[in-house]
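Peer 1: Following the hints, put chain P in place on chain C, whose structure we already have.
2 protein chains.
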Amino acid sequence: MVLDKPKVVQLEDVKPQNVENAVDTTIRVLISGEEAPTYAMRVFEMGPRGYIPAHSHPWEHGIFVLEGKLRIKVENEVFELEPNTAIYIPPNKVHEYWNIGGGRVRFICTIPNRPTAPLQT
Amino acid sequence: MVLDKPKVVQLEDVKPQNVENAVDTTIRVLISGEEAPTYAMRVFEMGPRGYIPAHSHPWEHGIFVLEGKLRIKVENEVFELEPNTAIYIPPNKVHEYWNIGGGRVRFICTIPNRPTAPLQT
Numbered sequence: 001m002v003l004d005k006p007k008v009v010q011l012e013d014v015k016p017q018n019v020e021n022a023v024d025t026t027i028r029v030l031i032s033g034e035e036a037p038t039y040a041m042r043v044f045e046m047g048p049r050g051y052i053p054a055h056s057h058p059w060e061h062g063i064f065v066l067e068g069k070l071r072i073k074v075e076n077e078v079f080e081l082e083p084n085t086a087i088y089i090p091p092n093k094v095h096e097y098w099n100i101g102g103g104r105v106r107f108i109c110t111i112p113n114r115p116t117a118p119l120q121t
Numbered sequence: 001m002v003l004d005k006p007k008v009v010q011l012e013d014v015k016p017q018n019v020e021n022a023v024d025t026t027i028r029v030l031i032s033g034e035e036a037p038t039y040a041m042r043v044f045e046m047g048p049r050g051y052i053p054a055h056s057h058p059w060e061h062g063i064f065v066l067e068g069k070l071r072i073k074v075e076n077e078v079f080e081l082e083p084n085t086a087i088y089i090p091p092n093k094v095h096e097y098w099n100i101g102g103g104r105v106r107f108i109c110t111i112p113n114r115p116t117a118p119l120q121t
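These protein sequence lines map, in sequence, to chains C and P.
Counting with our numbering, you get residues 1 to 121 for the letters of the first sequence.
Counting with our numbering, you get residues 1 to 121 for the letters of the second sequence.
It should be emphasised that the hints constitute simulated quantities derived from the structure, not laboratory data.
All values derive from a computational prediction rather than experimental measurement.
Just so you know, even glycine gets a beta-carbon here, dropped at the ideal spot from N, CA and C.
Each hint should be verified, as a subset may be incorrect.
Straight line, CA to CA, 25 Å or less: simulated PhoX-like cross-link-like pairs of lysine-lysine [claimed, not checked]:
no. : chain 1 : residue 1 : chain 2 : residue 2
1   : C       : 5         : P       : 93
2   : C       : 7         : P       : 93
3   : P       : 15        : P       : 5
4   : P       : 73        : P       : 93
5   : C       : 69        : P       : 7
6   : C       : 7         : P       : 73
7   : P       : 15        : C       : 69
Negatives, chain P to chain C, calculated, CB over 10 Å [what the hints assert, rightly or not]:
no. : residue
8   : 15
9   : 24
10  : 110
11  : 119
Looking at chain C on its own, in the form it has when it is part of the complex (with noise of 0.2 Å):
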């Protein structure tokens, strides 16, 4: 349910989850979809040998680092980001994470709660 009232979090009181498929990466729910009407404001940690295979979704990311060293693949071309950096991934485009600065990686991530381009597969 959509919230009427302000909500405060702070990243370390949020217990992380594994992400799925993924290998030493958790993710932590800030804001999530079913609070905030239009986007949900995520926290991931990626360990030492973190690492995100190659996935697409019909909606973007808008990524911010954080902490540590982040490869990003999107389609053919290959990032390399480091705190203060933002990153824009486009609907449909299919990307891939690595942790390679050998300690933790922390960034944020948001993401609209529902697609804003239609499936492509």
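Peer 2: This is chain P only, laid out in the frame that chain C set:
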């Protein structure tokens, strides 16, 4: 025009723009509402005297504090936020911001491209 390719942007590469009606406060648009289909990602920076006066609008905010100490009043509730803390502010709630840490405040503020609630005046 909505981007069909990924966009990578470093915070420091975006020229800060003064926020109208605010004190000692700038905005950097990392992913704009023209570039992305659903919502925009911006970073606000408030200097030591930073203040954003009370205002409201028929869309929500998802905020994540990166640096400094930020007081936000939402209607009659006051929150003091430190880094790694998120706040969801629902549509049509009067909100007001103060930098209370003496140093620099930086926070991510996401915003939908379209109103998500009827305008309340």
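Peer 1: Evaluate each hint against the coordinates.
Peer 2: Hints and how they fare:
For the hint pairing residue 5 (chain C) with residue 93 (chain P), the CA-to-CA distance comes to about 8 Å; that is within 25 Å, so the pair holds. Restraint check: the Cα-Cα separation between residue 7 (chain C) and residue 93 (chain P) comes to about 12 Å, which is no more than 25 Å; the hinted pair holds. For the hint linking residue 15 (chain P) to residue 5 (chain P), the alpha-carbon distance of about 22 Å falls within 25 Å, and the restraint holds. About 10 Å separates the Cα atoms of residue 73 (chain P) and residue 93 (chain P), which keeps this hinted pair within 25 Å; it holds.
For the suggested pair residue 69 (chain C) and residue 7 (chain P), the alpha carbons sit about 17 Å apart, so the restraint of at most 25 Å is met. With a C-alpha separation of about 12 Å, the suggested pairing of residue 7 (chain C) with residue 73 (chain P) holds against the 25 Å cut-off. Proximity of residue 15 (chain P) to residue 69 (chain C) is assessed by CA-CA distance (about 24 Å); at most 25 Å being required, the pair is judged to hold. No Cβ of chain C approaches the Cβ of residue 15 (chain P) within 10 Å, the least distance being about 15 Å, so the stated non-interface status holds.
Taking the minimum C-beta to C-beta distance to chain C, about 21 Å, the non-interface status of residue 24 (chain P) holds against the 10 Å cut. Against chain C, the non-interface label of residue 110 (chain P) is violated: not every CB pair exceeds 10 Å, the least being about 6 Å. The beta carbon of residue 119 (chain P) is kept farther than 10 Å from every beta carbon of chain C, the shortest such distance being approximately 15 Å.
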